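*Asks:* This is what each chain is made of:
Number of protein chains: 4
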Amino acid sequence: MKASVIGATGYGGIELIRLLSNHPDFHLDSIYSSSKDKVPATEEYPHLLNICSLPLMKIDTEKITQEADVVFLAVPSGAAAKLAPQLLANDTKVVDLSGDLRLKNPENYKKWYKKEPATAEMLQQAVYGLTEWNRENIQQATLLSNPGCYPTATLLALAPALQAKVIDPSWIIIDAKSGVSGAGRGLSQMVHFAEMNDNFKIYKVNEHQHIPEIQQQLNLWDEETGPITFSTHLLPISRGIMSTIYAPLKKPMSAQQLQQIYEETYQHDHFVRVRPLGEFPGVKEVAGSNFCDIGIDIDERTNRVTIVAVIDNLMKGAAGQAIQNANLMFGFEETAGLKGFPMYP
Amino acid sequence: MKASVIGATGYGGIELIRLLSNHPDFHLDSIYSSSKDKVPATEEYPHLLNICSLPLMKIDTEKITQEADVVFLAVPSGAAAKLAPQLLANDTKVVDLSGDLRLKNPENYKKWYKKEPATAEMLQQAVYGLTEWNRENIQQATLLSNPGCYPTATLLALAPALQAKVIDPSWIIIDAKSGVSGAGRGLSQMVHFAEMNDNFKIYKVNEHQHIPEIQQQLNLWDEETGPITFSTHLLPISRGIMSTIYAPLKKPMSAQQLQQIYEETYQHDHFVRVRPLGEFPGVKEVAGSNFCDIGIDIDERTNRVTIVAVIDNLMKGAAGQAIQNANLMFGFEETAGLKGFPMYP
Amino acid sequence: MKASVIGATGYGGIELIRLLSNHPDFHLDSIYSSSKDKVPATEEYPHLLNICSLPLMKIDTEKITQEADVVFLAVPSGAAAKLAPQLLANDTKVVDLSGDLRLKNPENYKKWYKKEPATAEMLQQAVYGLTEWNRENIQQATLLSNPGCYPTATLLALAPALQAKVIDPSWIIIDAKSGVSGAGRGLSQMVHFAEMNDNFKIYKVNEHQHIPEIQQQLNLWDEETGPITFSTHLLPISRGIMSTIYAPLKKPMSAQQLQQIYEETYQHDHFVRVRPLGEFPGVKEVAGSNFCDIGIDIDERTNRVTIVAVIDNLMKGAAGQAIQNANLMFGFEETAGLKGFPMYP
Amino acid sequence: MKASVIGATGYGGIELIRLLSNHPDFHLDSIYSSSKDKVPATEEYPHLLNICSLPLMKIDTEKITQEADVVFLAVPSGAAAKLAPQLLANDTKVVDLSGDLRLKNPENYKKWYKKEPATAEMLQQAVYGLTEWNRENIQQATLLSNPGCYPTATLLALAPALQAKVIDPSWIIIDAKSGVSGAGRGLSQMVHFAEMNDNFKIYKVNEHQHIPEIQQQLNLWDEETGPITFSTHLLPISRGIMSTIYAPLKKPMSAQQLQQIYEETYQHDHFVRVRPLGEFPGVKEVAGSNFCDIGIDIDERTNRVTIVAVIDNLMKGAAGQAIQNANLMFGFEETAGLKGFPMYP
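Residue numbers (the working numbering), protein chains in the order written: chain A, 1 to 345; chain B, 1 to 345; chain C, 1 to 345; chain D, 1 to 345.
In isolation and in its complexed conformation, chain A is listed as follows (with noise of 0.2 Å):
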């Protein structure tokens, strides 16, 4: 199968390269960017010398469908919207890694991320992937939606303890931790490195536009569920997501009856790892794999739980998650291409 990437340049576009180059499925044919045209991608990424000789051509829908099987967009929220419809057009099959078709209402849309909102059409064909959690469904997609970073760590975190109804929701703290590449690869003062070494930063307090996809999702869930806080703080790392999360239990249980929910409940999800009662995972322990790693405790001083949720956000956290999708949207081995361990140290 045939695989083009939109938006080669940034952060996302160059983890689809590495990962689709080493594809035993799909075959990168082509890459796209809206600032180049017929640059060898060399040039913007010196690494891929002798690995990668494809160019960096001008985004041209047209030329694009009648080529690529699929199409990974991984450019700005924004123009996804509009590239996605014209994608669709000639039976090739879009996974779009934006934001834009993430939000089932548009007035979400438009508060959280001050864009104009995709078509109704689009935002209803769109299946949502967050994968080991809507495998039906994204098997049929010709369009998906593949969730933010933070989203994936926090929601794959929470869905076990949600669904079996232990937690009361309606409450729930997420304290989140991203490396500097989930800012993307634009040029500012914050992502300066002599600023960010040694440096911890919070960052759109209350205003991140992963919060109503959030919300979305665990209303699903448990409809219940009231609103959420969510942060989000940059680490002065390249990769990484920590998903802290806190909420109160509905009524008392242990630790060890969590933990069995937990290892039930991803017991057959190849890419979800609990960790054993008491251990819990740094973000450096799935840094390039595919690995979202849980550990969860409950405090019975207070009645809570804590979930731990870690992922590599370039990764679980976009390209990966994305080729995990297309795999099952073409019928391949969820894990082709993605069978990479973490690289550690």
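Honestly, the hints are just simulated from the structure, not real lab data. There's no promise every hint is true.
Identical chains blur together in the list; that is why a pair holds if it fits in one copy or across any two.
[Unchecked claim] Straight-line distance between alpha carbons at most 25 Å, and here's what the computed DMTMM-like set of lysine to aspartate or glutamate pairs gives: (1) LYS58 / GLU300; (2) LYS82 / GLU121; (3) LYS251 / GLU224; (4) LYS58 / GLU207; (5) LYS2 / ASP91; (6) LYS251 / GLU207; (7) LYS82 / ASP69; (8) LYS111 / ASP299; (9) LYS114 / ASP299; (10) LYS204 / ASP299; (11) LYS36 / GLU67; (12) LYS250 / GLU224; (13) LYS204 / GLU44; (14) LYS63 / ASP29; (15) LYS58 / GLU43; (16) LYS115 / GLU67.
All values reported here derive from a predicted model rather than from experimental measurement.
Please arrange chains B, C and D on chain A, whose structure you already have, making use of the hints.
*Replies:* For chains B, C and D alone, kept in the frame of chain A given last:
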């Protein structure tokens, strides 16, 4: 005034040496270590060449009390409780940076520290040195218990809101993150550079010994404060703590109103800086200084507050606050020896 | 083919596990450690959960040789010399990643390693595995001595210029820098995160055991090579080596001419990439891959060459090159199991 | 004495603000920027809250010279040459941190800086501020040209050996490494955190503008000095420079003898610390201080010296040395305002 440092080879000790060596009123007279005797400090810390010619001496409490007007105890918890009574014998004042004298209830100490508590007499005599909130007692103290690094940031952040009764203290979630120097100078796999670099880890989940210290003070301020949830993470940086705090409002109020409470509360406190509304501090913005910077927000969607405080864990979280307290104990200017700016970048 | 790793808990060992677990032709069958017995690998390395179920076993050379077709020896120098003869007994092939079999002259080993050298028989049998320059011998080898990390980068960088007799080898200055994983997983003050972070250190000045290894090979290539100067520094990164090399030209030539020599020399070597003239590689551009990237310049002001080579010290500098060599020893494709791209960013 | 800083938003500027704000003899009176006017400094640098209430002002040289006794010029090369003559008009003394006044030969400046040189008058008037080697002239200076960061470390390291004629200056290789703040506060892909983190890069190979500055001074000390080779690399740290230097001995001598030369040379220089023989400095051991630490070795195998010098590039490599020079120009104690210890860890 002659000052001595016991436990000079640890990170708290070395920071005390840095500060006392340039202090206008204290003179660093001698430094002690449990593991060295008559060893030049430069052998342990080459950066002290030509600027600290003191030898590391074996701890001899009788000699110390005969010579020193003030002793800074920067030894591990457990050791301080034993040294403090001996040091107090000869009119020497003691500033203890360990956790041994912070918990007024010895049972609490046993439970969280898993060591033998200090004597009731010591616990009663010890004055808790959260400077901004206990100045009068500190000025009279001969035995000062310097607060923990996490409690300092957390308590300074919560005090105005809690005391003004604007938050409902039935649940308070504190998600704290610290630089690696907070874990001490001892060796372990967790602090191996290759494993902590690019990493971010949660540790001692629901078991950190600073939980009862924070709880104790919050209950003094508002006895209705319920059991807090307090989590600690390790950041891949050398110094710095951020405490991100969540709590429900008692009744709706605007962020502007809360901001005003914070600004008024700390208007005369040099070392606590309330950031302008909408701005949040990064840990690097206080590195090397004794400042605690605070930013606040109220989320109208959830009716909850977000309070963020940052400190340098070796300064306001340890040696800096210890000097600040010693200044008060001896009637010096509170900021003496602590005027260094944050080192940025 | 069944493969075993001895010394699996070190960084070389864990990287071998990563590579062998996804190798198309080798099957990782068992892993051994001097310090563990029947301990799940996940106990030492939690990131292996669900993907490596092998237990760490006590070293039993007889059992190993009965079961394994190839053994990768990733133990410290000194230990390998003793294990190798026992392992070679039963037709098992051995790839030794230590320094024990690299120096042909045992006196040299004694002087630089300060340990007892391997037997003359072992030293004679061992084939030096600088793959690109010794393929024919490697294909016949049963005992392979894998080059050191610094020598790999340095020798690949110098080979074309030295062999083409364009540099005057009376003096060659090699200024090398390595990530901290190169110092191993053992604990020491130097690799404590808080002390190595934001730091950069020179170590083993004029005493590094890789000096005689580099010298030996250079003299084989050009017997007129004078004594080299080789320095090693520690970088505050997890992986990566840069070797910056300076030497005088024999007679004036243009950078273009030298560039052509380099490009022609390595045109058929997949893992050595000569960068376009004017471009120099950063260490991150090979991280996680088996590439050695090289950039060159000639300074007309000084008539000297500057040659820069970068590798991932755990890959081309250890486990990656070991696999590359094993591939040749067993007649597999040279790049088998080594097709992973650099992980960027 | 009233001091002004022009170019206050750059890293050199902000470090000057840090130092001057706690200087016993200078009073920081005003700060200027080419891009701001009447903007509070805290808007650019939030860490200055409550401790620097000065506004950033538009550069007005007439106003500045009427008010300031000394002006620190921390603007980019090219701009300083134009401002200096205007500032010198009213008896104001000028300390220029740019490269504009360092090269006595304007043709040299044109060639390496690719900009228009300063006037011959300015070049003649400017005193080169390598403090330890030019005190008498500095004391008389009204226009001081502060040395570059790399030249400071390199020249202090080479001076004793070169002047004692122990090295053969026909070839000297200088391999230098700098923290990212040395590249300035401007944005570029190279200083994007996600790309510089875990990276190490060589840049401006054989083209760095500090080459002629170092060469010029070395030739003043020993006119037989041949063309030097000088390379620069970027370290993934915020501050710090290491210069590793190699040169042949004129005739064999012991490391002890060379050590003695170094110790005697710098015995009265507070800010140059010669490490004990066998010990080499790491960059972190001078961070935040004005020290230049030096370690030396002689390799009997090669008859070459290795000299290592480290500085904090923003301190002894820029703002610190500028203050040190200004202290001399005004007859203050040379160490005034510069007594801060290295911040370790």
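*Asks:* Using 25 Å as the alpha-carbon threshold, which applies to LYS82 and ASP69: within, between, both, or neither?
*Replies:* So LYS82 and ASP69 pass the 25 Å test inside one copy only (19 Å; across, 57 Å).
*Asks:* Between LYS204 and GLU44, at a C-alpha cutoff of 25 Å, which is it: within one copy, between copies, both, or neither?
*Replies:* between (30 Å within a copy, 19 Å between copies)
*Asks:* At 25 Å max between alpha carbons, let me know whether LYS58 reaches GLU207 within a copy, between copies, both or neither.
*Replies:* neither (33 Å within a copy, 35 Å between copies)
*Asks:* Should LYS36 paired with GLU67 be assigned to within, between, both, or neither, using CA atoms and 25 Å as the limit?
*Replies:* within (20 Å within a copy, 52 Å between copies)
*Asks:* Between LYS82 and GLU121, at a C-alpha cutoff of 25 Å, which is it: within one copy, between copies, both, or neither?
*Replies:* within (12 Å within a copy, 62 Å between copies)
*Asks:* For LYS204 and ASP299, with the copy left unspecified, which applies at a CA distance of at most 25 Å: within, between, both, or neither?
*Replies:* between (30 Å within a copy, 12 Å between copies)
*Asks:* My question is about LYS115 and GLU67: at a cut-off of 25 Å on alpha-carbon distance, are they close within one copy, between copies, both, or neither?
*Replies:* Classified as neither; 31 Å inside a copy, 50 Å across copies.
*Asks:* Is it within, between, both, or neither for LYS63 and ASP29, if the alpha carbons may be no more than 25 Å apart?
*Replies:* within (12 Å within a copy, 48 Å between copies)
*Asks:* From the Cα coordinates, with 25 Å as the cut-off, is the pair LYS114 and ASP299 best called within, between, both, or neither?
*Replies:* between (40 Å within a copy, 18 Å between copies)
*Asks:* When Cα atoms must be at most 25 Å apart, do LYS111 and ASP299 count as within-copy, between-copy, both, or neither?
*Replies:* between (37 Å within a copy, 15 Å between copies)
*Asks:* Cα distance capped at 25 Å. Does LYS251 pair with GLU224 within a copy, between copies, both, or neither?
*Replies:* For LYS251 and GLU224, both the intra-copy (16 Å) and inter-copy (22 Å) Cα distances are at most 25 Å.
*Asks:* If the cutoff is 25 Å on CA atoms, where do LYS58 and GLU300 land: within, between, both or neither? Let me know, please.
*Replies:* neither (58 Å within a copy, 40 Å between copies)
Of the hints listed earlier, those the structure fails to meet are numbers 1, 4 and 16, in rising order.
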